[in-house]
Amino acid sequence: MSVASTERVAATERAAPFLSLAGVSKRLGATQALRGIDLEARADELLVVLGPTGAGKTTLLRTIAGLEVPDTGTVRMAGRDVTGLDPAARDVALVFQNFSLYPRWSVRRNLEFPLRAPGRNLPEAEIRRRIDWAAEILKITRFLDRDASRLSGGEMQRVAIGRAIVRRPRLFLMDEPLTNLDAKLREALRVELVELRRALATPMVFVTHDQAEALSMADRIVVLSEGRILQTGTPREIYERPVSPVVALQLGQPAINLVPVRRQGGAWCALDGTPLVPAADASGPAERLLGVRPEDIRPEARETDGPPLGGGQAGPGEALVRVVEYIGPTTTLLCDWAGAHVHIVIPRRGSLRPGDRLRPRIDAARAILFDLDPAQARGVPVPARLLTEPPSPLLPSPGGTA
Amino acid sequence: MSFLVLNALEKTYPDGTRAVRGIDLAIQPGELIVLLGPSGCGKTTTLRMIAGLELATGGSIRLGGDDVTLLRPSRRDVGMVFQFYALYPHLTVRQNIGFPLRAAGLAPAEIAARVEAVAARMDLARLLARYPRQLSGGDQQKVSLARAIVRRPAVYLMDEPLGTLDADQRLAMRELIRAEQLASRVTTIYVTHDQEEAMSLADRIVVMEGGRIRQVGTPAEVYDHPADLFVARFVGSPGMNLIPGELHPGVGPGASASSGRDPDREPGRDAGPFFTARQGRVPLGGPIPPGARAVGRATLGIRCEHVHEDPRGSILGTVVTEEYLGNASNLHLETAVGRLIMRTDGASRRERGATLRLRLDPGQVSLFDATTEQRL
Numbered sequence: 084m085s086v087a088s089t090e091r092v093a094a095t096e097r098a099a100p101f102l103s104l105a106g107v108s109k110r111l112g113a114t115q116a117l118r119g120i121d122l123e124a125r126a127d128e129l130l131v132v133l134g135p136t137g138a139g140k141t142t143l144l145r146t147i148a149g150l151e152v153p154d155t156g157t158v159r160m161a162g163r164d165v166t167g168l169d170p171a172a173r174d175v176a177l178v179f180q181n182f183s184l185y186p187r188w189s190v191r192r193n194l195e196f197p198l199r200a201p202g203r204n205l206p207e208a209e210i211r212r213r214i215d216w217a218a219e220i221l222k223i224t225r226f227l228d229r230d231a232s233r234l235s236g237g238e239m240q241r242v243a244i245g246r247a248i249v250r251r252p253r254l255f256l257m258d259e260p261l262t263n264l265d266a267k268l269r270e271a272l273r274v275e276l277v278e279l280r281r282a283l284a285t286p287m288v289f290v291t292h293d294q295a296e297a298l299s300m301a302d303r304i305v306v307l308s309e310g311r312i313l314q315t316g317t318p319r320e321i322y323e324r325p326v327s328p329v330v331a332l333q334l335g336q337p338a339i340n341l342v343p344v345r346r347q348g349g350a351w352c353a354l355d356g357t358p359l360v361p362a363a364d365a366s367g368p369a370e371r372l373l374g375v376r377p378e379d380i381r382p383e384a385r386e387t388d389g390p391p392l393g394g395g396q397a398g399p400g401e402a403l404v405r406v407v408e409y410i411g412p413t414t415t416l417l418c419d420w421a422g423a424h425v426h427i428v429i430p431r432r433g434s435l436r437p438g439d440r441l442r443p444r445i446d447a448a449r450a451i452l453f454d455l456d457p458a459q460a461r462g463v464p465v466p467a468r469l470l471t472e473p474p475s476p477l478l479p480s481p482g483g484t485a
Numbered sequence: 298m299s300f301l302v303l304n305a306l307e308k309t310y311p312d313g314t315r316a317v318r319g320i321d322l323a324i325q326p327g328e329l330i331v332l333l334g335p336s337g338c339g340k341t342t343t344l345r346m347i348a349g350l351e352l353a354t355g356g357s358i359r360l361g362g363d364d365v366t367l368l369r370p371s372r373r374d375v376g377m378v379f380q381f382y383a384l385y386p387h388l389t390v391r392q393n394i395g396f397p398l399r400a401a402g403l404a405p406a407e408i409a410a411r412v413e414a415v416a417a418r419m420d421l422a423r424l425l426a427r428y429p430r431q432l433s434g435g436d437q438q439k440v441s442l443a444r445a446i447v448r449r450p451a452v453y454l455m456d457e458p459l460g461t462l463d464a465d466q467r468l469a470m471r472e473l474i475r476a477e478q479l480a481s482r483v484t485t486i487y488v489t490h491d492q493e494e495a496m497s498l499a500d501r502i503v504v505m506e507g508g509r510i511r512q513v514g515t516p517a518e519v520y521d522h523p524a525d526l527f528v529a530r531f532v533g534s535p536g537m538n539l540i541p542g543e544l545h546p547g548v549g550p551g552a553s554a555s556s557g558r559d560p561d562r563e564p565g566r567d568a569g570p571f572f573t574a575r576q577g578r579v580p581l582g583g584p585i586p587p588g589a590r591a592v593g594r595a596t597l598g599i600r601c602e603h604v605h606e607d608p609r610g611s612i613l614g615t616v617v618t619e620e621y622l623g624n625a626s627n628l629h630l631e632t633a634v635g636r637l638i639m640r641t642d643g644a645s646r647r648e649r650g651a652t653l654r655l656r657l658d659p660g661q662v663s664l665f666d667a668t669t670e671q672r673l
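Chains A and B, in that order, are what the protein sequence lines are.
Quick note on numbering: the working numbering labels position 91 of the first sequence as 174, and the sequence is numbered without any gaps.
Quick note on numbering: the working numbering labels position 293 of the second sequence as 590, and the sequence is numbered without any gaps.
These aren't lab readings, by the way, just hints derived from the structure by calculation.
Every residue, glycine too, gets a C-beta built ideally from N, C-alpha and C.
Don't take every hint at face value.
In silico DMTMM-like cross-links for lysine to aspartate or glutamate, where the CA-CA straight-line distance does not exceed 20 Å [stated by the list, open to error]:
no.: 1; chain 1: A; residue 1: K222; chain 2: A; residue 2: E195
no.: 2; chain 1: A; residue 1: K222; chain 2: A; residue 2: E278
no.: 3; chain 1: A; residue 1: K267; chain 2: B; residue 2: E506
no.: 4; chain 1: A; residue 1: K267; chain 2: A; residue 2: E238
no.: 5; chain 1: A; residue 1: K267; chain 2: B; residue 2: D420
no.: 6; chain 1: A; residue 1: K267; chain 2: A; residue 2: E278
no.: 7; chain 1: A; residue 1: K222; chain 2: A; residue 2: E238
no.: 8; chain 1: A; residue 1: K267; chain 2: B; residue 2: D491
no.: 9; chain 1: A; residue 1: K267; chain 2: B; residue 2: E543
no.: 10; chain 1: A; residue 1: K267; chain 2: B; residue 2: E493
no.: 11; chain 1: A; residue 1: K222; chain 2: A; residue 2: E275
no.: 12; chain 1: A; residue 1: K267; chain 2: B; residue 2: E307
no.: 13; chain 1: A; residue 1: K222; chain 2: A; residue 2: D293
no.: 14; chain 1: A; residue 1: K222; chain 2: A; residue 2: D265
no.: 15; chain 1: A; residue 1: K267; chain 2: B; residue 2: D521
no.: 16; chain 1: A; residue 1: K267; chain 2: A; residue 2: D293
no.: 17; chain 1: A; residue 1: K267; chain 2: B; residue 2: D525
Okay, the calculated bits of chain A under chain B, using three or more residues with CB under 8 Å as the criterion [stated by the list, open to error]:
no.: 18; stretch: 260 to 272
no.: 19; stretch: 289 to 302
no.: 20; stretch: 314 to 323
no.: 21; stretch: 373 to 381
Turn these sequences into a full structure, and let the hints steer you where they fit.
In structure tokens:
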């Protein structure tokens, strides 16, 4: 995607925060939707707000847009307090999940609409120029005279994005714009949006519940849960060093393995006694939660003559392969290991089959030990099921009644 | 002997829409077959014809040796699973699992026996008296699967059953279905548009498009050796890198002299076949397929994990965008042969604008006829 003419932001200005929120709280009916949000988006970055349904993502976006007025706190843009300003005066563009085009209007008329808003008074030539420019970037030139209702979902979303960019706003706000599209299209638009935003050098706040979108698109991610920010950082920082099990579970597919461990004889051991990683020192709490990404476990020392599924008993320290999922460049194994169900991702399809036995080894340098207490003190309790049972129970259970 | 056989199966609706245009498929007992394709490809219509919910307008369906093409749904021993609906909160686990059997009018003793059997197999026996709210999320999913499969028909037919679940639930449920199917080995036909779901579940994948079968094969066959450009694009995330260009069967030792110092040149390889696109040239490892020699114009396909950084590689790439995925990164590169995606381990960050030398693993190259779009 190429952009013909773009006003480049000076390098110094790019690093400064364009948008900053301080202490923003908002109550919606009985729900405390936002609880003291402090957040900055730089002048040339794509900031992704990641969180599950009900985390407060949309309220946060609407507050930035001026569609909601915060109960407390301030919203600043380019150094100016805009907390009390109405949406039109903020010069931001919003794109929603559900396209929100006028179905009986042509694509061109839909694109023109924001430019013909009262008070804009743009010359006709300028309107035409901007629409041609946006249509070319988004590859919708050949649809310009078609009714919006005759477009596919992907084409509609391109038009919705086009309607946002023709305005040349100072800030893009995107509320799950790719969620309703099919997988192939999402994949393509993800990259297109990143490259478009970069070419326009305009900051963007992008809200999603999709961890793959967050990791792949963000310059920085804000992890939101129950109206609070749990962590802010680059995708790599948050993926590799999550501050809590709750954050760790938000990123990565399959999810991080979380295993309760106890310090025993110089190692952190699973509750069945299997040593998992070395314990560096003997101070601090003796019980913690070990987080291991599925790709940080090596399935070493394989027994080739493993018994069939459900019929075998893994020896001490051994893992029994339950499910082998081949998904192209990687293969995901679901194993019973150390009293837990553990996911292991290996680079390429091997000859592993259900019933095989492994002796897995954890890359200790990449494992994460979570304190249980601070997480709870911050009001973010580890979901109970993670402490009492593995995340994805399987049948038949190891040594069960099958 | 095949267990379920579709022979020249067709469905044309009264308005003339040809939803299914001649499907031939033989399914072995105990297989898990996934019908994969975009919306409108005919996969759901095919499934509904097997279920008897739609009548075929041509061809036949044989199940266990009997022609069932015109039988009513209730006369075919098939069980349709639409979605793993939420459990009834006011019913116990036992009542939830037994619900489809009660609806089918089975005797209470028979219902009890079947519920006990499935609960024992799925390790739910200790939970039968509980209510859904007293169960963990994982156990709730197990119960919903148990309810879906308690009928034990000869064939399960599943139509996008994970459609409404969120990503984590889908993954867990996928594993449950696979484990249960491996344990029970009931023949299963599963419809989805999600290629990752298909890859992870299937014994064999049937890729459909436009009412026709494009390819039937194991996940590895479909992924590594796509039958045509449609399959190459549709399967895999991202789809295969596809480079339109020209195929050269190799013209002798002097062939590469014009391009100056060729990093790929090794003794004995000069005469080998190669592929050109725009300003770039890709050496091809082994002999090209017999049918490809006369082709000329062709499309070269390579998966992103078979594009490697190699100081001796012949293609220069510039990083345009990095898609970080946690356990890997997809680098989008601008090269002399066009845009390519390369998969890396994700541990080290690549700056935009960085240049690297690339090698396309010659053993992993797919070639397609530019006109017919078929694999060469």
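Quick rundown of the hints versus the structure:
1. A/K222 / A/E195: Between A/K222 and A/E195 the Cα gap is close to 17 Å, so the pair holds against 20 Å.
2. A/K222 / A/E278: holds (14 Å)
3. A/K267 / B/E506: holds (15 Å)
4. A/K267 / A/E238: holds (13 Å)
5. A/K267 / B/D420: Measuring from Cα to Cα gives roughly 38 Å; hence the hint is violated.
6. A/K267 / A/E278: Holds, because 18 Å separates the two Cα atoms, which is no more than 20 Å.
7. A/K222 / A/E238: holds (9 Å)
8. A/K267 / B/D491: holds (9 Å)
9. A/K267 / B/E543: violated (27 Å)
10. A/K267 / B/E493: holds (11 Å)
11. A/K222 / A/E275: holds (11 Å)
12. A/K267 / B/E307: violated (28 Å)
13. A/K222 / A/D293: Since the Cα atoms of A/K222 and A/D293 sit roughly 25 Å apart, the hinted pair is violated (cutoff 20 Å).
14. A/K222 / A/D265: Cα-Cα ~18 Å, so holds.
15. A/K267 / B/D521: At roughly 18 Å apart (the allowed maximum being 20 Å), B/D521 and A/K267 satisfy the hint.
16. A/K267 / A/D293: holds (15 Å)
17. A/K267 / B/D525: holds (17 Å)
18. 260 to 272: Holds, because 4 residues of the stretch 260 to 272 of chain A bring their Cβ atoms closer than 8 Å to Cβ atoms of chain B.
19. 289 to 302: This one holds; 7 residues, not fewer than the three required, reach chain B with a Cβ under 8 Å.
20. 314 to 323: holds (count 3)
21. 373 to 381: Answer holds; 3 residues pass the 8 Å Cβ test.
In this structure, the hints that do not hold are numbers 5, 9, 12 and 13, in rising order.
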